[in-house]
Amino acid sequence: MAIEYNQLYTLLQGIFKDEEIELIDTAGDMNHYEVTIVSEKFNGLSLIQQHKMVYNAIGTQMGRELHALKINTKVK
Amino acid sequence: MDQIFNQITDYLESNRIVLFMKGTKDMPMCGFSGKVVHILHLLGVDFLAIDILEHPDMREGIKQFANWPTIPQLYINKQFIGGCDIVTQLYNEGELQKLLDE
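Chain order of the listed sequences is Z and E. Residue numbering for the first sequence follows the numbering used here, beginning at 1 and increasing consecutively. Residue numbering for the second sequence follows the numbering used here, beginning at 1 and increasing consecutively.
Bear in mind the hints are in silico, worked out from the structure with no lab data behind them. Computed from a prediction, not measured in an experiment: that's the story for all the values here.
Derived DSS-like pairs: lysine-lysine, alpha-carbon spacing no greater than 30 Å straight-line:
#1 E:Lys98 / Z:Lys76
#2 E:Lys35 / E:Lys25
#3 Z:Lys70 / Z:Lys52
#4 Z:Lys41 / E:Lys35
#5 Z:Lys76 / E:Lys35
#6 Z:Lys74 / Z:Lys41
#7 Z:Lys41 / E:Lys78
#8 Z:Lys70 / E:Lys22
#9 Z:Lys41 / E:Lys63
#10 Z:Lys17 / Z:Lys41
#11 E:Lys78 / Z:Lys74
#12 Z:Lys70 / E:Lys98
#13 E:Lys98 / E:Lys25
Excised from the complex, chain E in its bound form:
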């Protein structure tokens, strides 16, 4: 698991916005993942998307990393922001834009 955690840390250190999701940006495989991709597109930001369906060990690893049981997981500036519901709420309140502007 250490190796997976190191890889996750690498992703977060080399990319400002990282989304761990099911499927790809172009073809999300889950409605929750698709919704977060949609919101990030609306905000016009680029981000690294990691498809956990392609990386089964990452699927378990990211849950333990954040101590969060579900996918998607959005990270901004190495900080775990939340899953689909939190991201949606933050977007609706204008708070997500503020986090991105920091």
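Bound conformation, chain Z alone:
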């Protein structure tokens, strides 16, 4: 179970712009990432809805190829 940094970043780009995404491979093992996304798309959404939008970008790989993702979301 692992997903390459570029692959994960490309998935996030499907929904968010480059300047909104900050992605870190926290353990250097391609399996534990932390992403911070600051986007106006989150405006008016609950935290659950914000995180769901991030999960939707990643799709079915979340919880399978990708084991751990810490998510921080902020409304721009």
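Mind docking chain E on chain Z? Use the hints.
Below, chain E without anything else, positioned relative to chain Z:
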């Protein structure tokens, strides 16, 4: 899957706070699950913990139930609150305490 959903609903209806997690309260098997257990202990509340590693069908079932792809999942008053990051943020902002006080 209906049977699993019924079981999940049973848990939520008979317990005010339910945590679906990897491992047990005393021995969490994942850092994210462990962190939520820690926060609930800090708040001094009792809760039902369901170890999804012991129940493989529950592991898939709870993801579909909440339409949420990861474990842990915290429920208060039958409502899905979130995973580790949301629970941590709500705790830091004092909002989790408010949800528990309701």
